[in-house]
Structure formats: structure tokens, C-alpha cells
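Construct all of the structure, not just a fragment, from the sequences and the given hints.
Residues 1 to 305, numbered by our numbering, are exactly what the sequence shown covers, in order.
Quick caveat, the hints were computed from the structure, so don't treat them as lab data. Bear in mind the structure is a predicted one, so any value in this text is a computation, not a measurement. Wrong hints could be hidden among the right ones.
[Unchecked claim] Simulated restraints, written as ranges between beta carbons of each label pair:
#1 Val124 with Phe284: 15 to 21 angstroms
#2 Glu181 with Leu54: 39 to 45 angstroms
#3 Leu182 with Leu101: 34 to 40 angstroms
#4 Thr185 with Lys289: 24 to 30 angstroms
#5 Leu188 with Ile151: 34 to 40 angstroms
#6 Glu174 with Ala285: 37 to 43 angstroms
Note that beta-carbon positions come from the ideal geometry of N, C-alpha and C, so glycine has one too.
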Amino acid sequence: MANHVKAGDTTGKDVHPEKRGGIAPGEITDVLTPPEMMSSTIEAAVAKSNYSALLIFVKSFLCTGFLGYATAFSFLAVAQGMPQFVSGLLFPVGYVMVAILGLEMATGNFSVMGMGVVAGRIRVGELLNNWGLTLLGNLIGGVVFAAILWIVITRAGNTAGGGLLGAQLMKVAEHKVAYKELGGTGLLVAFASGILCNWLVSLGPIISLASRSIVGKVVVLWLPFSVFFALGFEHAIVNMFLLPMGIMLGGNYSVADWWMWNQIPVTLGNITAALVFNSGLLYFASKPKIARLTPEGAGGEYKTG
Numbered sequence: 001m002a003n004h005v006k007a008g009d010t011t012g013k014d015v016h017p018e019k020r021g022g023i024a025p026g027e028i029t030d031v032l033t034p035p036e037m038m039s040s041t042i043e044a045a046v047a048k049s050n051y052s053a054l055l056i057f058v059k060s061f062l063c064t065g066f067l068g069y070a071t072a073f074s075f076l077a078v079a080q081g082m083p084q085f086v087s088g089l090l091f092p093v094g095y096v097m098v099a100i101l102g103l104e105m106a107t108g109n110f111s112v113m114g115m116g117v118v119a120g121r122i123r124v125g126e127l128l129n130n131w132g133l134t135l136l137g138n139l140i141g142g143v144v145f146a147a148i149l150w151i152v153i154t155r156a157g158n159t160a161g162g163g164l165l166g167a168q169l170m171k172v173a174e175h176k177v178a179y180k181e182l183g184g185t186g187l188l189v190a191f192a193s194g195i196l197c198n199w200l201v202s203l204g205p206i207i208s209l210a211s212r213s214i215v216g217k218v219v220v221l222w223l224p225f226s227v228f229f230a231l232g233f234e235h236a237i238v239n240m241f242l243l244p245m246g247i248m249l250g251g252n253y254s255v256a257d258w259w260m261w262n263q264i265p266v267t268l269g270n271i272t273a274a275l276v277f278n279s280g281l282l283y284f285a286s287k288p289k290i291a292r293l294t295p296e297g298a299g300g301e302y303k304t305g
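Given below as C-alpha cells:
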């Protein structure tokens with residue numbers, strides 16, 4: 001005879017005894033708590049520290065192409081008359097692909113690897129190795145994607161300016177080196193813009209762990225990336241595509257201008273934001289409890305804290 005349980009009755013046989021009043025111990029849910037997210041981020045840092053140099057480079061190389069697609073897509077909408085905030089709604093498609101495919105973006109690794117060091121799970125040398133290889137792969141990937149896109153939109157140099165998309169990309173790229181006009185103050189502004197950008201962006205690989213489902217990951221990733229892009233803050237990896245693209249299209253600046261007045265101060269700002277706000281303060285606010293021996297540990301007892 002079937003068991004009939006009234007709504008709200010947790011005494012029937014069909015109700016798991018351990019689920020009365022909540023989730024059963026050990027049951028997997030879609031949503032992770034902040035401490036669980038920090039713990040997963042630290043484990044991700046450990047995993048990344050064990051990647052081979054070739055694997056890091058290839059994953060990083062592929063990353064910037066997807067960001068390049070998203071950047072071009074977003075600025076084409078602006079060039080066709082859409083307001084700037086729409087570009088923010090469109091750009092996250094690039095990072096969603098990067099995240100789902102498990103590719104390597106330096107701005108995210110600034111916080112992930114930094115948290116691994118703060119937690120004592122990886123060494124500073126492993127952090128620097130990952131950062132260096134990821135930046136190199138992102139840079140080469142950005143330049144290669146820019147070159148291929150230049151061939152297409154300029155018909156291999158036979159169409160000056162690259163049409164509507166080329167004109168918009170060059171306009172934005174020239175604006176990104178206009179810090180030069182402010183002298184030393186311009187370096188500070190670029191650095192600060194890099195901080196505001198990566199305070200949000202370096203959250204990406206952390207909050208993507210808040211959900212185990214693809215839909216959940218897409219939603220949480222859309223939030224920080226749409227905000228930073230719509231506000232026009234400086235992202236070092238996007239600029240590794242956009243600024244070479246501007247030079248190829250005939251922008252009024254040099255390679256030296258690109259690095260001096262944008263790439264270097266922006267990268268430093270991105271690193272600062274990731275380490276201070278996410279690897280540091282966010283980890284402190286949400287760090288997981290770590291098992292450790294008590295002073296009486298000879299007896300085999302553990303505490304958490």
C-alpha cells in the first residue's frame with residue numbers, strides 16, 4: 001500500500017530522514033557559498049600551477065581570439081548607432097566562451113593564482129610562471145587575431161580604413177592612448193582605470209564557481225563583464241587585441257605609445273585590483289575554514305579556523 005504524506009509532513013517513510021528541515025548532508029546543490037567558492041578557486045590555482053608551459057601558452061593564445069570576436073561584435077553595434085551600454089550587454093559572450101572552454105586569461109589568473117599564494121597552497125614562483133606565460137600567450141593570440149581580422153575588413157589592405165567596423169576600432173584604440181596628452185597624470189588615470197576594470201573582471205573565475213550549471217555560470221559571468229565594458233574601463237587583455245588592431249588600421253600612435261601610455265600602467269592596475277580586492281580582501285571576508293592541528297595535535301584532534 002502506498003504511503004501518503006500530507007503537505008509539510010516530514011514524518012512519512014517517503015521523506016529522507018536526513019532531509020527533514022533542509023538539505024541532506026553531502027547532497028550536491030547547484031549553488032556554492034562564498035567560502036566554497038574560495039576553496040574551489042584555491043584548488044583551481046593548484047591545478048593551474050601543475051600545467052605545462054605549452055598547455056598554459058596554448059590556452060592563453062586561444063583566449064584572446066574569443067575576446068577579440070566579442071570586442072569587434074560590441075563595437076560594430078556602437079558603430080551602427082547603438083548606445084554604449086549595449087556594447088556591455090554584448091561583450092560578455094566572449095568571456096563566457098573562454099570560461100566554458102577552460103581557457104587562460106591573465107587578468108583572471110591575477111586573482112586566482114594570487115589567492116593560491118595567500119592561502120599558502122602555491123609558491124610565488126609558480127604564480128609568476130603562470131602570469132608570464134599567460135600574458136605572452138594572450139599577447140600573441142591578440143596580435144594574430146587582429147592581423148586576421150585586418151585582412152578581412154580591409155580586403156588585405158585594398159580597402160582603406162576597414163569600413164564602419166575598422167573606423168570604430170581605430171577610434172577607440174586612439175582614445176586608449178590619449179592618456180599621453182596628460183603626461184604623468186595620464187599614467188595615473190590609466191592605472192586607476194585598470195584597477196576599476198579588474199576589480200570586476202578578476203571576479204569572473206571566482207563567481208563562475210558559484211554555480212555548477214552552464215546557465216548559472218553564464219548569468220553570473222554576464223554581470224561583471226557587462227558593467228566594466230559598458231563603462232569603458234581598461235582591460236589589459238582586450239587591449240592586446242584592440243591596440244595592435246588600431247596600429248594595423250593606421251591609428252595615430254606608435255607601438256611605444258601603446259605600451260607606455262596604456263599596456264604597462266593598465267596591466268599594473270589590473271594586477272593591483274586582483275591582488276588587493278579579490279586575492280586579499282575578498283578571500284579574507286569569505287575564506288573557507290581550513291583543518292589544522294591543535295597544540296594538542298598529538299592526540300589526533302583537529303580544529304577548523
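Hints, one by one, checked against the model:
1. Val124 with Phe284: 15 to 21 angstroms: About 19 angstroms separates the Cβ atoms of Val124 and Phe284, which means 15 to 21 angstroms holds.
2. Glu181 with Leu54: 39 to 45 angstroms: holds, 42 angstroms
3. Leu182 with Leu101: 34 to 40 angstroms: holds, 39 angstroms
4. Thr185 with Lys289: 24 to 30 angstroms: violated, 45 angstroms
5. Leu188 with Ile151: 34 to 40 angstroms: Holds, at about 37 angstroms.
6. Glu174 with Ala285: 37 to 43 angstroms: holds, 40 angstroms
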